[in-house]
Amino acid sequence: MTDALWLAILGMFVATYTVRASFIVFGQKLRFPPAVVQALGHVPVAVLTAIVVPEAIAPGGQVDLSPTNPYLVGTLVAGLVAWKSRRILVAVLVSFVVFGMMRWLA
Amino acid sequence: MPDRFSAAFAGLRDTIPLTVGTTPFAVIFGTLVVSAGLPPEMALALSAIVFAGSAQFISISLISGGAALPVIWLTTFVINLRHALYSATVQPVTKAWPLPWRVLGAFWLTDECFAVFERRLQTAGERDTLPYYMGSTISFYLNWIGWTAVGAYLGNRIPGVATLGLDFAMIATFAAMIAPQLKAITPVAVAATAGSVAWLAQGLPYKLGLMLAALAGVAVGVGLDCCRRRLAVEEAA
Chain S
79 MTDALWLAIL
89 GMFVATYTVR
99 ASFIVFGQKL
109 RFPPAVVQAL
119 GHVPVAVLTA
129 IVVPEAIAPG
139 GQVDLSPTNP
149 YLVGTLVAGL
159 VAWKSRRILV
169 AVLVSFVVFG
179 MMRWLA
Chain C
30 MPDRFSAAFA
40 GLRDTIPLTV
50 GTTPFAVIFG
60 TLVVSAGLPP
70 EMALALSAIV
80 FAGSAQFISI
90 SLISGGAALP
100 VIWLTTFVIN
110 LRHALYSATV
120 QPVTKAWPLP
130 WRVLGAFWLT
140 DECFAVFERR
150 LQTAGERDTL
160 PYYMGSTISF
170 YLNWIGWTAV
180 GAYLGNRIPG
190 VATLGLDFAM
200 IATFAAMIAP
210 QLKAITPVAV
220 AATAGSVAWL
230 AQGLPYKLGL
240 MLAALAGVAV
250 GVGLDCCRRR
260 LAVEEAA
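The listed protein sequences derive, respectively, from chains S and C.
Heads up, the first sequence is in the working numbering, so the first residue is 79 and it goes up one at a time.
Heads up, the second sequence is in the working numbering, so the first residue is 30 and it goes up one at a time.
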């Protein structure tokens with residue numbers, strides 16, 4: 079493994095551990111302002127969408143909005159099933175079957 | 030059997046459904062690392078040292094996309110911020126633990142084990158919380174590492190694994206996590222903003238578009254919250 083990879087891991091460890099340890103280790107000396115807590119509530123949707131959209135519309139780096147793009151169709155299926163059923167594992171499985179059929183059978 | 034042991038065992042037992050549920054993701058993660066052209070040790074090191082599923086998956090797509098180190102670190106931090114809320118939630122209970130156990134226990138605070146621990150506190154109260162937590166988290170941790178190793182091994186053995194499209198597992202999971210939340214106007218606006226900016230900013234180097242899109246999304250969310258608060262105040266007046 080290269081130094082850059084170890085450095086990436088080390089920084090990720092710090093970024094993960096400090097957040098988890100925050101209150102458990104440092105106790106009630108920490109306090110978030112309410113505005114920060116409210117902003118934090120929007121973080122998961124914003125970050126996950128920002129990750130998913132480019133990967134779904136341009137899996138190879140080129141934008142492909144056609145119905146033959148398995149990443150785009152699969153993502154829409156995953157979202158739709160989860161939206162309807164609220165069952166994440168089911169949504170992932172169904173979308174994986176659709177993705178697999180488009181990817182491996184086409 | 031002393032109470033401590035039975036509590037530790039109860040922790041392990043109560044976590045089994047989640048341990049089993051995350052196993053496929055551990056395998057896929059290990060395989061994905063190898064199929065992205067990274068060394069198999071990378072998969073093990075991430076699972077053993079970082080131990081944060083979604084951040085691990087994202088880091089692979091960031092690293093293979095040529096992201097700068099600060100972008101990788103900052104993304105990890107932002108994605109894991111929700112753990113601060115878990116940390117705050119369990120703090121009233123964990124403050125009774127000796128410091129070394131708190132330092133160690135914090136490392137294993139995942140979404141899954143937090144959920145199990147919370148349920149235990151509500152049903153069984155605050156007896157033997159430390160052995161229960163350790164039984165739950167350590168078994169979950171070892172399972173995650175073990176199946177990551179299996180995935181990395183398979184990734185090395187299966188020919189053409191890079192073309193299977195395993196990276197879709199992460200995208201599908203994220204899409205499935207977002208979608209159920211898109212039932213009110215604010216999260217829809219947040220997602221629409223983040224998605225559009227991510228699309229438009231795709232060409233930016235070091236995957237900076239991701240940060241820009243996330244910030245834009247959160248800004249819109251905060252803006253809408255402010256609007257709503259002002260409306261509520263006016264109505265009350």
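The hints are simulated quantities; they were obtained by calculation from the structure and are not laboratory data.
Everything numeric in this text was worked out from a predicted model, so none of it was measured.
Heads up, the beta-carbon is just placed ideally off N, CA and C, and yes, glycines get one too.
Treat the hints with caution; some may be incorrect.
Stated by the list, open to error - Covered stretches of chain S (in silico footprint by chain C; criterion: 3 or more residues with CB under 8 Å from a CB of chain C, positions within the stretch not fixed): (1) 91-100; (2) 126-132; (3) 161-175.
Quick rundown of the hints versus the structure:
{"no.": "1", "hint": "91-100", "verdict": "holds (count 9)"}
{"no.": "2", "hint": "126-132", "verdict": "holds (count 7)"}
{"no.": "3", "hint": "161-175", "verdict": "holds (count 8)"}
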